[in-house]
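Just need the whole structure built from these sequences, with the hints factored in.
Number of protein chains: 2
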Amino acid sequence: MKIIELKLGKRSYQIKTGFGVIKNLGREIRRLNLGTDAFIVTNNRIKLRYAKNLLKPLKESGINYIFKTVADSEKSKSLTSCLRVIQELARFDQKRKVFIIAFGGGVIGDLSGFISAIYKRGVPYIQIPTTLLACVDSSIGGKTGVDLKFGKNLVGAFYQPRLVMSELSFLKSLSSRQVRAGLAEIIKYAIIKDKKLFVYLEKNYPKIINLQKRALEHVVNRCAQIKSGIIQRDETEEKGLRTILNFGHTLGHAIEAAGNYQKYNHGEGIALGMVLAGQISKELGLISENVRSRIENLIKSAGLPVFIKGLSLKKIIEAYYRDKKFIGEINRLVLIRDIGKTVIKQNVPLNIIKDSLASRLNL
Amino acid sequence: MKIIELKLGKRSYQIKTGFGVIKNLGREIRRLNLGTDAFIVTNNRIKLRYAKNLLKPLKESGINYIFKTVADSEKSKSLTSCLRVIQELARFDQKRKVFIIAFGGGVIGDLSGFISAIYKRGVPYIQIPTTLLACVDSSIGGKTGVDLKFGKNLVGAFYQPRLVMSELSFLKSLSSRQVRAGLAEIIKYAIIKDKKLFVYLEKNYPKIINLQKRALEHVVNRCAQIKSGIIQRDETEEKGLRTILNFGHTLGHAIEAAGNYQKYNHGEGIALGMVLAGQISKELGLISENVRSRIENLIKSAGLPVFIKGLSLKKIIEAYYRDKKFIGEINRLVLIRDIGKTVIKQNVPLNIIKDSLASRLNL
Numbered sequence: 009m010k011i012i013e014l015k016l017g018k019r020s021y022q023i024k025t026g027f028g029v030i031k032n033l034g035r036e037i038r039r040l041n042l043g044t045d046a047f048i049v050t051n052n053r054i055k056l057r058y059a060k061n062l063l064k065p066l067k068e069s070g071i072n073y074i075f076k077t078v079a080d081s082e083k084s085k086s087l088t089s090c091l092r093v094i095q096e097l098a099r100f101d102q103k104r105k106v107f108i109i110a111f112g113g114g115v116i117g118d119l120s121g122f123i124s125a126i127y128k129r130g131v132p133y134i135q136i137p138t139t140l141l142a143c144v145d146s147s148i149g150g151k152t153g154v155d156l157k158f159g160k161n162l163v164g165a166f167y168q169p170r171l172v173m174s175e176l177s178f179l180k181s182l183s184s185r186q187v188r189a190g191l192a193e194i195i196k197y198a199i200i201k202d203k204k205l206f207v208y209l210e211k212n213y214p215k216i217i218n219l220q221k222r223a224l225e226h227v228v229n230r231c232a233q234i235k236s237g238i239i240q241r242d243e244t245e246e247k248g249l250r251t252i253l254n255f256g257h258t259l260g261h262a263i264e265a266a267g268n269y270q271k272y273n274h275g276e277g278i279a280l281g282m283v284l285a286g287q288i289s290k291e292l293g294l295i296s297e298n299v300r301s302r303i304e305n306l307i308k309s310a311g312l313p314v315f316i317k318g319l320s321l322k323k324i325i326e327a328y329y330r331d332k333k334f335i336g337e338i339n340r341l342v343l344i345r346d347i348g349k350t351v352i353k354q355n356v357p358l359n360i361i362k363d364s365l366a367s368r369l370n371l
Numbered sequence: 009m010k011i012i013e014l015k016l017g018k019r020s021y022q023i024k025t026g027f028g029v030i031k032n033l034g035r036e037i038r039r040l041n042l043g044t045d046a047f048i049v050t051n052n053r054i055k056l057r058y059a060k061n062l063l064k065p066l067k068e069s070g071i072n073y074i075f076k077t078v079a080d081s082e083k084s085k086s087l088t089s090c091l092r093v094i095q096e097l098a099r100f101d102q103k104r105k106v107f108i109i110a111f112g113g114g115v116i117g118d119l120s121g122f123i124s125a126i127y128k129r130g131v132p133y134i135q136i137p138t139t140l141l142a143c144v145d146s147s148i149g150g151k152t153g154v155d156l157k158f159g160k161n162l163v164g165a166f167y168q169p170r171l172v173m174s175e176l177s178f179l180k181s182l183s184s185r186q187v188r189a190g191l192a193e194i195i196k197y198a199i200i201k202d203k204k205l206f207v208y209l210e211k212n213y214p215k216i217i218n219l220q221k222r223a224l225e226h227v228v229n230r231c232a233q234i235k236s237g238i239i240q241r242d243e244t245e246e247k248g249l250r251t252i253l254n255f256g257h258t259l260g261h262a263i264e265a266a267g268n269y270q271k272y273n274h275g276e277g278i279a280l281g282m283v284l285a286g287q288i289s290k291e292l293g294l295i296s297e298n299v300r301s302r303i304e305n306l307i308k309s310a311g312l313p314v315f316i317k318g319l320s321l322k323k324i325i326e327a328y329y330r331d332k333k334f335i336g337e338i339n340r341l342v343l344i345r346d347i348g349k350t351v352i353k354q355n356v357p358l359n360i361i362k363d364s365l366a367s368r369l370n371l
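Sequence order for the protein chains is A and B.
The end of the first sequence is residue 371 by this note's numbering, with every number in the run present.
The end of the second sequence is residue 371 by this note's numbering, with every number in the run present.
Some clues are possibly wrong.
One copy or any two copies: either way a pair holds, since identical chains are not told apart in the list.
To be verified - Derived PhoX-like pairs: lysine-lysine, alpha-carbon spacing no greater than 25 Å straight-line:
# : residue 1 : residue 2
1 : Lys18     : Lys247
2 : Lys105    : Lys353
3 : Lys157    : Lys105
4 : Lys128    : Lys353
5 : Lys203    : Lys349
6 : Lys83     : Lys157
7 : Lys67     : Lys323
8 : Lys271    : Lys18
9 : Lys55     : Lys105
Hint data in this document are derived by calculation from the structure and do not stem from the laboratory.
Given the structure is predicted, the values throughout are model-derived calculations rather than measurements.
This is the structure we're talking about:
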């Protein structure tokens, strides 16, 4: 087991990563004095497969609980779905001290975190991520949110969990495609902050895909460490430091959206976004062709897409413009000047962005 | 015009009180760099009567705007209504920088403040209260929230406005009953924190009821000052200091709820709650009969109820128990040991509470 301390004063918390960490769930809840009644948000698939792993430690510690399942889909992150879950929570919360457990992937984590932020102006919550993507990214940092029909994550709050338990044995039920999606975010951390991790991944990516215990624990913990370091310095994205976490995301989101979130999942979207960010970085003379191609090669070796299939340039550019209001100013791109070194560029010429996209279109 | 600085570091803001303060609205928005597009939440009655007072300064400063009206009722504070308003906000927020103006009483202030807290994880908002109650209480301190069917204010956030503009000329359209409701909160501030204000009110309460300019400005500003002082020391109600603002509210809420929020408005509820808190304080030997009767006399002189009509003891006690989970521990009452001096008592014997209620029932 590995432990990271995310230090945010009164809002500090631990991220525990490993095989078997979940066995201590009850003890952790008591140590942190989170409450007596656990409202566990999850989906049916996870509940069927892994509920028993939570129930044993909860029962041993005398903690009362209820499961609230939501659909295994982005639709569960709508404000309407949020309203339904919160009514259930209020119904459950009758006598004692309630807290929330987010038991699932990013959708469940974001939804549950937001509900924790606004119910009674804030109740404690724990993140128990069940996807590799959620382990290394969405479970850490307190960025919670739900979707409106006008855009994703338009409603939300910065609200930190009290504990993150990344129980890696839960990952064994993931499809190979889901594992690779998580690997995309892992590659992102290496590119933005850790050349050593990048070299490690170049050698050891098959171990991650095969969920080899030691490699997985090492890599998930390292990503949690990198993300924690950034969050500690810029909790609410006011200083612009948190922005580098969006490497590959600006164009990645546009590709995801252009495919109606059906064609490419989040990891695949940002894999493509990272290939493009590498290409734009090279085009602007920030990195050499050698660095650019190492990035593309690792992404390709990881079984992630490096060419965009079945989407038109027009559709992607349209989605890019729709998204920009949420990202902030026009054309603010996170680029790199080496592996491990980011640079933020504003007003990158649109033709460079379009050219990079066009060269990756494989219709 | 009077100005209070509410000091909360980066979240500091001014409370401007007086006749004519609204004329500076546009300049203030520009000074604080709040945005270019104002989403004004209000109701039809206020819009019809006072929209022009906002539009002139907004237009002069070139600020784009839209009005979103909600029903003039507590129902507008439901999570469902919140969802509708937020969809409208997202539709309006297309190109530039949006901010919110809460233009109304407590319902509109609480709803708009909450929407400001969660839309895009926080956008700026201004409170422009139009009731005496909102001027002295709900517009200040960033306690925002909406209702669930399981209870009032069960969903919410602490989120400070960027400015409060208490334009006192807006109060002239209030009914006498609404003015007295505001006076109840003013009396509360005097009882918990300011004997001098209490003495002033004993002499000058008719001036407040008649909305006499200088008296009104003095009293509203003094209450804003008292509330600001408390908020500065306990922004998120973690230190228990903010609790004293609930003087008269525990039993007051129960009386309001027992009457289905129809029989007594909030000010009348807490007027009764304060009479009861005085009586319980006397019963526990904390204050003399003289102090108790001064409180009752001022409340009565202000035209506020001091006897409970048409409600049974059983109904009030039931509502009291339903409410307690939100207030925190059982039987935590804010009492007084003199005018201007509060004391918090836990586990006050239920029979003392019941006796005080029974002696005030006038069926």
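**Item:** Homo-oligomer pair classification [Lys247, Lys18; C-alpha up to 25 Å]
**Value:** both (20 Å within a copy, 13 Å between copies)
**Prompt:** With identical chains treated as interchangeable, where does the CA-CA distance between Lys83 and Lys157 reach 25 Å or less: within a copy, between copies, both, or neither?
**Reply:** both (10 Å within a copy, 24 Å between copies)
**Request:** Evaluate Lys105 and Lys353 at a C-alpha cut-off of 25 Å and name the case that applies: within, between, both or neither.
**Result:** Only across copies: Lys105 and Lys353 sit 22 Å apart there, 48 Å inside one copy, limit 25 Å.
**Prompt:** From the Cα coordinates, with 25 Å as the cut-off, is the pair Lys128 and Lys353 best called within, between, both, or neither?
**Reply:** Intra 41 Å, inter 23 Å, cutoff 25 Å: inter-copy only.
**Asked** How would you label the pair Lys203, Lys349 (within, between, both, or neither) given a Cα cut-off of 25 Å?
**Response** Close inside one copy (9 Å), not across copies (62 Å); limit 25 Å.
**Request:** Measure nothing new, just compare the shortest in-copy and cross-copy C-alpha distances for Lys157 and Lys105 to 25 Å and report within, between, both or neither.
**Result:** between (34 Å within a copy, 20 Å between copies)
**Prompt:** Quick one: Lys271 to Lys18, C-alpha cut-off 25 Å, is that within a copy, between copies, both, or neither?
**Reply:** neither (42 Å within a copy, 43 Å between copies)
**Request:** Using 25 Å as the alpha carbon limit, work out where Lys67 and Lys323 are close: within a copy, between copies, both or neither.
**Result:** Classified as neither; 51 Å inside a copy, 38 Å across copies.
**Message:** Please sort Lys55 with Lys105 into within, between, both or neither, judging by C-alpha distance up to 25 Å.
**Reply:** within (23 Å within a copy, 42 Å between copies)
Figure legend: structure checked against the earlier numbered hints; hints not met, in rising order: 7 and 8.
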